[in-house]
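Undergrad: Chain B: place on chain V using the hints.
Going down the list, the protein sequences come from chains V and B. 1 is the number of the first residue of the first sequence in full-length UniProt numbering; add one for each residue after it. 1 is the number of the first residue of the second sequence in full-length UniProt numbering; add one for each residue after it.
Bear in mind the hints are in silico, worked out from the structure with no lab data behind them. Since the structure is predicted, the reported quantities are computational estimates derived from the model, not experimental observations. Any given hint could turn out to be false.
Because identical chains cannot be distinguished in the list, a pair is counted as satisfied if it fits within a single copy or across any two copies.
Dumping the calculated BS3-like pairs for lysine-lysine here, alpha-carbon to alpha-carbon at most 27 angstroms [said to hold, decoys possible]:
| no. | residue 1 | residue 2 |
| --- | --- | --- |
| 1 | Lys338 | Lys191 |
| 2 | Lys191 | Lys359 |
| 3 | Lys462 | Lys411 |
| 4 | Lys435 | Lys468 |
| 5 | Lys272 | Lys462 |
2 protein chains.
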Amino acid sequence: MRRYLLTILALCAALLSQPTHALTVERWGTVDIALQGPAEGNPFMEVELSATFSQGERRIEVTGFYDGDGRYVLRFMPDAEGEWRWQTHSNRPSLDAQRGSLTATPASAGNHGPVSVRNTWHFGYADGTPFWQVGTTSYGWAHQSDALEQQTLQTLAHAPFNKIRMTLFPQPYEKGGSDLRWYPFAGQLPKGWDFTRFDPAFFRHFEQRVAQLRDLGIEADIILFHPYDRGRWGFDQMPPEVNERYLRYAVARLAGYRNVWWSLANEFDLVKSKTMAEWDRYFQIVRASDPYHHLRSIHNAFVFYNHNQPWVTHVSVQSGAIAKDPERAVLLRDVYNKPVVYDEVKYEGNFRQRWGQLKPEEMVLRFWQGAIAGTYVGHSESYTDPQDLVWLARGGVLRGDSPARLAFFRKILSDSPAEGLNPIDKWQDYPFAGKHGEYYLGYFGTATPTAWPFALFRTGLKDGLRFKVEVIDTWNMTVTPVDGIFEIRKRDDYTYVDKDQRSITLPGRPYMALRIVRVPSI
Amino acid sequence: MRRYLLTILALCAALLSQPTHALTVERWGTVDIALQGPAEGNPFMEVELSATFSQGERRIEVTGFYDGDGRYVLRFMPDAEGEWRWQTHSNRPSLDAQRGSLTATPASAGNHGPVSVRNTWHFGYADGTPFWQVGTTSYGWAHQSDALEQQTLQTLAHAPFNKIRMTLFPQPYEKGGSDLRWYPFAGQLPKGWDFTRFDPAFFRHFEQRVAQLRDLGIEADIILFHPYDRGRWGFDQMPPEVNERYLRYAVARLAGYRNVWWSLANEFDLVKSKTMAEWDRYFQIVRASDPYHHLRSIHNAFVFYNHNQPWVTHVSVQSGAIAKDPERAVLLRDVYNKPVVYDEVKYEGNFRQRWGQLKPEEMVLRFWQGAIAGTYVGHSESYTDPQDLVWLARGGVLRGDSPARLAFFRKILSDSPAEGLNPIDKWQDYPFAGKHGEYYLGYFGTATPTAWPFALFRTGLKDGLRFKVEVIDTWNMTVTPVDGIFEIRKRDDYTYVDKDQRSITLPGRPYMALRIVRVPSI
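One chain only, chain V, in its complex shape (with noise of 0.2 angstroms):
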């Protein structure tokens, strides 16, 4: 699992200086490169060291990070092939002026680059290929015993998700939870924390993880702050400056990562101890100390940031009846042109909370509406377990039947046009995401029609048009061509009807599908 992190451990800084070194790595993949300096004093504060890694006229600056014990680490993720020449600047002599060069060879199987925004609402790797989030949350995954984090990769390498959202900071747990490995920073409780040093350790541990889902193709959504300390280390209680030495620090250690996704919190407005203006200075530093602009959001609990911020890259939201329809879902998209995540729209579960009591096909249904909706939406669960092993806090095994459904769902979406599902008739109730004339994906929620009159809205098309339809079974997760081929007229200001008015029958049972695509013309 960490082929593609190559670690180069140069102990002579002398040798360093001549661009001599056969390293490669493959593109969009990470590569350190490790220099050996100053471990005196406090390095964390004192040194500073960076790198311009250059090919041709381009340029990308790279922040190094102390990673203890005088090692000091530049991290890199190429983005582009062939060769690389990078020199270092620090205030420190050792660590200055020094120089190499590397290789970056094409992209492997399954690589396919980070993930950034296409066509405003969606989703699409670098490489091309598009990006259909389908979500869960496990905060604290990735703060638990190896064994039960082993597990939780193992669940994740046969569940359907392509994103997860992990907080960075650990959370205390209800009934007490026992002390961590390690911590993000330097010192012990009850004592008190040294937040002029980082724990290397913490931050390896979190690193290895990261990369761990990169492997299985799963985006690491990190969530940098957020509310549940309830003062057990007041990590969200922390001066400003140590707020953004913290972000600074994050960022060089995890920016180099493809799969990284920065989330400024989780329920942000539960952070009594941050301002608006902080969250907005927070999310800046992010922006300028990222290389590689990795997707940046934050999300609430009742008040919603302002995403139209040009720092924002997408939108991610908690609320929960939003995603019940797509007449409600579609409106932050409209609001804020900017790709929507729904990433909290209540959880499977049987908790007493009535965030964490959905039934499976609550928490089914809502992916799909989203959908329909030109948006996408998050998973998570919350079934009561006498050892606390919840998913929603700290991985483990999933244990719902949303996750078989959810997977079935991505198929469909994959298969969908690879510039994303947009709604047919926005403006008043019309079940339909696709792209005019061509593609068609309705879904009918909890209504249990009989059957389903053809008509289409009339963008995009023209008399004598031709489609095929099939019936999907969103729950049962089947898919039923219906015979024939359905050729269209038009009826009114609006529709386009088959020409001989025909119907496709429905088994009159609640989450069913269509998915009607254009077939060529006679």
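TA: What follows is chain B alone, placed relative to chain V:
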């Protein structure tokens, strides 16, 4: 109706330079101070005139306007009682350094001052009276014959509306239409407009209508641009410098009326000739030109403007589906944290177009659903007519069945807590707005329940509080008290119920509402 519009024709500038006039105007009334100045050349382009109105330390800068025939006007609306002094500034000696004073008397009955934003999501008059927006739209009513305009005013005098959307530029009508009495600019077609000269007669007429609305207690939401010109006059395609001059002139003339609101455009995104940057700039010109800070908004077709911009005071939105349930309607409130007015939610009528064929029940439902979401809704009417006398376009009479119900609705609103209705539990479906612990207004829409188990969301509640209940039939316009008092007990983490588990009996009809008001404890 012109009783507040005191016009002093100062024929002698020398006289005006001495503050000897016993000018009086009521607080928030409109006073015109007229000065005689140069009529030669092009005064619209060449003569600058403004005045500083002062009272103690307060200063209000008012831009004057040229009204033709050598007449220049400073139109002033005092916002405080007592003496105001004024002094002019001009690039023409005969208009410069003129001085005078006036006395603002107490506001008369029915004069509550201008409306502004209050309590984040609501509106209030300057004297503290709540403004419960119940709006209508008649785009071109002030561009009709005198007889038809008088009929419209007569209709409005007995209608439930306290705001009307109306265009400053005229609209051509489907069947061609005849020439208008006057146009905003000098010149005529086909020869062309002189965009360097306004026609004061056009504006004097328009202002008279605005003042008549004011005297009826109706806010004039003046639409400054619209996309409906269709090549007839070209007012939607003027060069930017003409647009800017037009805005400044319109604001100089109209800002002195307390009932003015600025709507930058109707369906701004259909005005294809203007860029988003232009809209931003026009907003800022209006803001900078208006010394009274009247409300400012912009109305969309398919693309939402960024209502988070600081120059937008409240959200004005068209959407076919958004006001159909409160969980949709609440979303823009949460996004923008400003008052939200759904000015166009389709119209009552029988048009072929789907935006103009609401049944009256559906029109009224949208007002109620909007209110339950803590937002506001707009009405209009689109019934076909042999003479094209459609309320939406030209005014005249109202034929629909919704206005009577909207009068009833407005009465219910005005009996609600003065701070405004806010959602009681916006996080999931719970169709109540009000004030926690004090006042609950619930609405069941098209559902037809026969009973409602008395249950209130937890915020602001404790065991033993007592409530009385009324059943409201929003369509048949009845309010029926429920016998007895409901005393609450905590049931679970989220809910308080009647201590005797009682339910409210409902008639199994749609469009029913509940009003639940706290009564003193024993």
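Undergrad: Could you run down the list of hints and mark each one as holding or not?
TA: Against the structure, the hints come out as follows:
Proximity of Lys338 and Lys191 under a CA criterion of 27 angstroms is satisfied in neither setting, with 45 angstroms inside one chain copy and 46 angstroms between copies. For the identical chains of this complex, Lys191 and Lys359 are neighbours neither inside a copy (45 angstroms) nor across copies (70 angstroms), given an alpha-carbon limit of 27 angstroms. Taking CA atoms no more than 27 angstroms apart as the test, Lys462 paired with Lys411 passes in neither setting, with 30 angstroms inside one copy and 50 angstroms between copies. When the C-alpha separation of Lys435 and Lys468 is checked against a cutoff of 27 angstroms, the pair qualifies only within one copy, where the shortest distance is 15 angstroms, while the shortest distance between copies is 53 angstroms.
In the homo-oligomer, the alpha carbons of Lys272 and Lys462 lie at most 27 angstroms apart only across protomers (26 angstroms), although the nearest pairing inside one protomer, at 56 angstroms, exceeds that limit.
Going down the numbered hints, you'll see the structure goes against 1, 2 and 3, while the others check out.
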